[in-house]
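Participant: Each chain is listed here by its residues.
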Amino acid sequence: MKRIALILLPYSWLVALFLVPFLIVIKISLSDIALAIPPYTPNLDLSAGWQGFKDFISQLDFDNFVFLTTDDLYWKAYLSSLRIAVVSTLITLLVAYPIAYGMARAPEEWRPTLMMLVILPFWSSFLIRVYSWKAILANEGLLNQLLIAIGVIDEPLLILNTPTAVYIGIVYTYLPFMVLPLYSTLEKLDASLLEAAEDLGCTRFQAFWLVTFPLSRNGIIAGCFLVFIPVMGEFVIPALLGGSQTLMIGKVLWEEFFSNRDWPVASAVAVILLALLVIPIVLFQRNEEKQREAEG
Amino acid sequence: MADTTPMPHEGIFAPWDDPDAVPLIRFRNVTKRFGDFTAIDDLTLDIYEREFFALLGPSGCGKTTMMRMLAGFETPTEGVIEIGGRDMARVPPNQRPVNMMFQSYALFPHLSVYDNIAFGLKRSDMPKDQIADRVAEMLRLTRLEKFAKRKPHMISGGQRQRVALARSLAKAPKLLLLDEPLGALDKKLREETQFELMDIQEKTGTTFVIVTHDQEEAMTVATRVAVMDAGRIEQVDTPPAIYEGPKTVYVADFIGDVNLIEGTATKTGEHAYDVAYAAGRDPIKVSECMAEVADGSAVTFAIRPEKLLVTRERPEDRPNALEGTIIDIGYLGNLSTYHVELPGGQMVKATMTNASRISRRDFTWEDKVWVSFRASAGVVLTE
Amino acid sequence: MRRISWFNATSLTLGFAFLYMPMVILVVYSFNESKLVTVWAGFSTKWYGELFRNEAFLDAAWVTIRVAVVSSTLATILGTAAAYVLVRGGRFFGKTLFSGMIYAPLVMPDVILGLSLLLLFIAVGLDRGMLTIILAHTTFSMCYVAVVVSSRLVSFDRSLEEAALDLGCTPFDAFRSVTLPIIAPAVISGWLLGFTLSLDDLVIASFTSGPSSTTLPIKIFSAVRLGVSPEINALSSILIGLVTIGVISFSITTKRAAVRRRLEENAT
Numbered sequence: 021m022k023r024i025a026l027i028l029l030p031y032s033w034l035v036a037l038f039l040v041p042f043l044i045v046i047k048i049s050l051s052d053i054a055l056a057i058p059p060y061t062p063n064l065d066l067s068a069g070w071q072g073f074k075d076f077i078s079q080l081d082f083d084n085f086v087f088l089t090t091d092d093l094y095w096k097a098y099l100s101s102l103r104i105a106v107v108s109t110l111i112t113l114l115v116a117y118p119i120a121y122g123m124a125r126a127p128e129e130w131r132p133t134l135m136m137l138v139i140l141p142f143w144s145s146f147l148i149r150v151y152s153w154k155a156i157l158a159n160e161g162l163l164n165q166l167l168i169a170i171g172v173i174d175e176p177l178l179i180l181n182t183p184t185a186v187y188i189g190i191v192y193t194y195l196p197f198m199v200l201p202l203y204s205t206l207e208k209l210d211a212s213l214l215e216a217a218e219d220l221g222c223t224r225f226q227a228f229w230l231v232t233f234p235l236s237r238n239g240i241i242a243g244c245f246l247v248f249i250p251v252m253g254e255f256v257i258p259a260l261l262g263g264s265q266t267l268m269i270g271k272v273l274w275e276e277f278f279s280n281r282d283w284p285v286a287s288a289v290a291v292i293l294l295a296l297l298v299i300p301i302v303l304f305q306r307n308e309e310k311q312r313e314a315e316g
Numbered sequence: 014m015a016d017t018t019p020m021p022h023e024g025i026f027a028p029w030d031d032p033d034a035v036p037l038i039r040f041r042n043v044t045k046r047f048g049d050f051t052a053i054d055d056l057t058l059d060i061y062e063r064e065f066f067a068l069l070g071p072s073g074c075g076k077t078t079m080m081r082m083l084a085g086f087e088t089p090t091e092g093v094i095e096i097g098g099r100d101m102a103r104v105p106p107n108q109r110p111v112n113m114m115f116q117s118y119a120l121f122p123h124l125s126v127y128d129n130i131a132f133g134l135k136r137s138d139m140p141k142d143q144i145a146d147r148v149a150e151m152l153r154l155t156r157l158e159k160f161a162k163r164k165p166h167m168i169s170g171g172q173r174q175r176v177a178l179a180r181s182l183a184k185a186p187k188l189l190l191l192d193e194p195l196g197a198l199d200k201k202l203r204e205e206t207q208f209e210l211m212d213i214q215e216k217t218g219t220t221f222v223i224v225t226h227d228q229e230e231a232m233t234v235a236t237r238v239a240v241m242d243a244g245r246i247e248q249v250d251t252p253p254a255i256y257e258g259p260k261t262v263y264v265a266d267f268i269g270d271v272n273l274i275e276g277t278a279t280k281t282g283e284h285a286y287d288v289a290y291a292a293g294r295d296p297i298k299v300s301e302c303m304a305e306v307a308d309g310s311a312v313t314f315a316i317r318p319e320k321l322l323v324t325r326e327r328p329e330d331r332p333n334a335l336e337g338t339i340i341d342i343g344y345l346g347n348l349s350t351y352h353v354e355l356p357g358g359q360m361v362k363a364t365m366t367n368a369s370r371i372s373r374r375d376f377t378w379e380d381k382v383w384v385s386f387r388a389s390a391g392v393v394l395t396e
Numbered sequence: 002m003r004r005i006s007w008f009n010a011t012s013l014t015l016g017f018a019f020l021y022m023p024m025v026i027l028v029v030y031s032f033n034e035s036k037l038v039t040v041w042a043g044f045s046t047k048w049y050g051e052l053f054r055n056e057a058f059l060d061a062a063w064v065t066i067r068v069a070v071v072s073s074t075l076a077t078i079l080g081t082a083a084a085y086v087l088v089r090g091g092r093f094f095g096k097t098l099f100s101g102m103i104y105a106p107l108v109m110p111d112v113i114l115g116l117s118l119l120l121l122f123i124a125v126g127l128d129r130g131m132l133t134i135i136l137a138h139t140t141f142s143m144c145y146v147a148v149v150v151s152s153r154l155v156s157f158d159r160s161l162e163e164a165a166l167d168l169g170c171t172p173f174d175a176f177r178s179v180t181l182p183i184i185a186p187a188v189i190s191g192w193l194l195g196f197t198l199s200l201d202d203l204v205i206a207s208f209t210s211g212p213s214s215t216t217l218p219i220k221i222f223s224a225v226r227l228g229v230s231p232e233i234n235a236l237s238s239i240l241i242g243l244v245t246i247g248v249i250s251f252s253i254t255t256k257r258a259a260v261r262r263r264l265e266e267n268a269t
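If you're matching them up, the sequences are chains A, B and C in order.
Residue 274 in my numbering sits at position 254 of the first sequence; the count goes up by one each step and never skips.
Residue 109 in my numbering sits at position 96 of the second sequence; the count goes up by one each step and never skips.
Residue 147 in my numbering sits at position 146 of the third sequence; the count goes up by one each step and never skips.
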């Protein structure tokens, strides 16, 4: 009896507050816009019984999805999100790898401290960390001041409110997500494997490329998914650093909802975003499971 | 038959006795320090081509450091290491004519057995088709043909050990270093593999340097054994010479079982001494003693348990016979070990073959017995 | 032990400079006299004073803290139960769906979670306010708690629980007197994680909050959207300071506890 209660408590909570809302999103994405609040029809009228359910089904249609394909704002936003997510994931990987590598090769007594230094920003506010770049990247900001002072440039560079600023913001805020999985695979790497590679005629660089890099593959995959998936739906970074030039689907969804108040279209945008993310999410889970099996 | 140190004969492989032989490896006054810790202390050593040389000692004695200096993973703090007449100081590991078999095997987990063996060859300038032939040859030599496509985690421990051996031999190095190569195998497999290693060493003609803490292993496989302690070499000799003629108490004690009896030496003739070990007892008579000992100096008499004979009556033909009481008997099947207490409390251990079945055993606890041995059976040690 | 190479030293230095420089600059400029955040005009703490006189910020902070405490506490209870069910619950109908619902919110974009919860609250006619934010935050925090606690439970030796049962505990007693003390560090980190996630959340709170219940991130977001302000710098510095102190003291206490445990184990 107690066991059933223990299962039911979290189970029903998640069904009520995760699964049901999600089904509502799908339903609304198939509904028509109406100007009333709530701004959509139809409603499932339970008192009408089976007939009511049939009416409900017959009124659903894919108009909102068709609409998304007709307005090129949407597919441009999806494409641009995808491009930004892919490029920034790769940049994050390039930045994170040397850090994780340095951490894994650092003297053992330093490593917990270094770990903590990577995790610490993760605990402090995401919003604040994104915001901190505004003062740096602005036209009259500190980066431009510095570059002008040392004579690299004469005119301030336009960085804030461009995609470049978005890339910087993404790499900055998601760096710990990439460093940690990389570090944990690199740290486990047996040092004698590298010595064996050198012993068999590799230079240091070849040993890295032929042994370290392939053996850190799981960390690379995990880190890339951990960055790519949330960046696809990112809202705060493009909203604060991207200006009007940067198109990302999270921002479109937000504006569709809060500015245009077109809930069915917003829901359709969400459904497609999720459909796009299902593949990487499933791949990520599979990679994690494979890793767990390999270790177990 | 007299128990003497076997002397080298004509035609037997013993370049270390040939003053004209040029060593393959020379350590000259090599010292290695890690911070305050001295791992290797002013060590000089020659190793010859085609030798199977064993570095034997307890953990922390510096044997692994010596091997890592040969491979190039450590550089000596002082002194010179030469391989084939060339100073190795500035040669990185990947350019040395040396390969190493790691204690952990260090097989690349992401590569197949075939690719592991081919790894070093692909770094060399060997043409592709020859690489395939060479790998096939190594697979044949180590009887791994069936496992070429497997990954390291899909084969047994013994097979992994052979892959590691094949990989390190593939480039036909002048010198192969083996770091505790059999440490991870169980006893039976280890014994089989020892003979396999000797066989492969003979077939390929490679110089092997093996690091081990297992004295039986060192004695079985090696042409010469260096016994190390605390960064120094205590003695370098062939296995029989080390066993029968240890030069220090440490070596005598480290290799095999030994009885150590302290006493005072008196010269009685050419290579002959008397060792007085207890007041009121006959001294032990020692002949064929190679060491020069000053009269009246404190020495340790060392004798192996199997050189002792335990009998009920005092034997007539043996110059040394000590009376004592059996305290303990250890039955090992083929052998029995008798712990005999001499008057004055000194314990000696004697090992005798169980030529007849146990029901006919002669002695039991508390029996008064005589422990006897020849004058040439033991050695006198001054250190 | 090989010393750290110059390459590794450089990449670590540059990497950590990149991670910390923006925050250091932010804190430094919170003590700037000038209203312009990018021009240094002398040291001053006046923005901190302004901040503490700003009623709107203080109200929002109070709402945020209440939401965070309540939601992370609820999430810890639900998440620990979920982890226990997941690891020790055996088979039951819909277990795959259950574990899917635990893991999905971790990777799902905030905008989708926020949108779906808002649509639910409207559908059931629940007025948006603190209650709805708490419900929303509890839902995603419990998933994080469940993951943290279940990874501890997986590595936990089951025979300890069985020993307790063997010695006469009821399953509940065994959980309370054996399991809970051992998984306590994971439960506490779960709570802390839920608490900071709730403090930090902008997107979901924006969807689920009503006009009467603005949280601090919403307030900060609407302020910084317009531009940089020294008052926000001051507020951010306080938050960064609090988090740093919290994380460091938590890790020191857990480290001390670990050292003490090791010493005790060695002593026996």
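There may be inaccurate statements among the hints.
In the DSSO-like style, the derived pairs of lysine-lysine whose C-alpha atoms are separated by at most 27 Å in a straight line are [what the hints assert, rightly or not]:
hint, chain 1, residue 1, chain 2, residue 2
1, A, K96, A, K22
2, A, K208, B, K164
3, A, K310, C, K47
4, A, K208, B, K162
5, C, K256, A, K22
6, C, K96, A, K47
7, A, K310, B, K164
8, B, K216, B, K159
9, A, K208, C, K256
10, B, K216, B, K260
11, A, K310, B, K162
12, B, K362, B, K381
These aren't lab readings, by the way, just hints derived from the structure by calculation.
Participant: Under the constraints set out in the numbered hints, which ones does this structure not fulfil?
Facilitator: Going through the list in order, the structure violates hints 1, 3, 5, 10 and respects the others.
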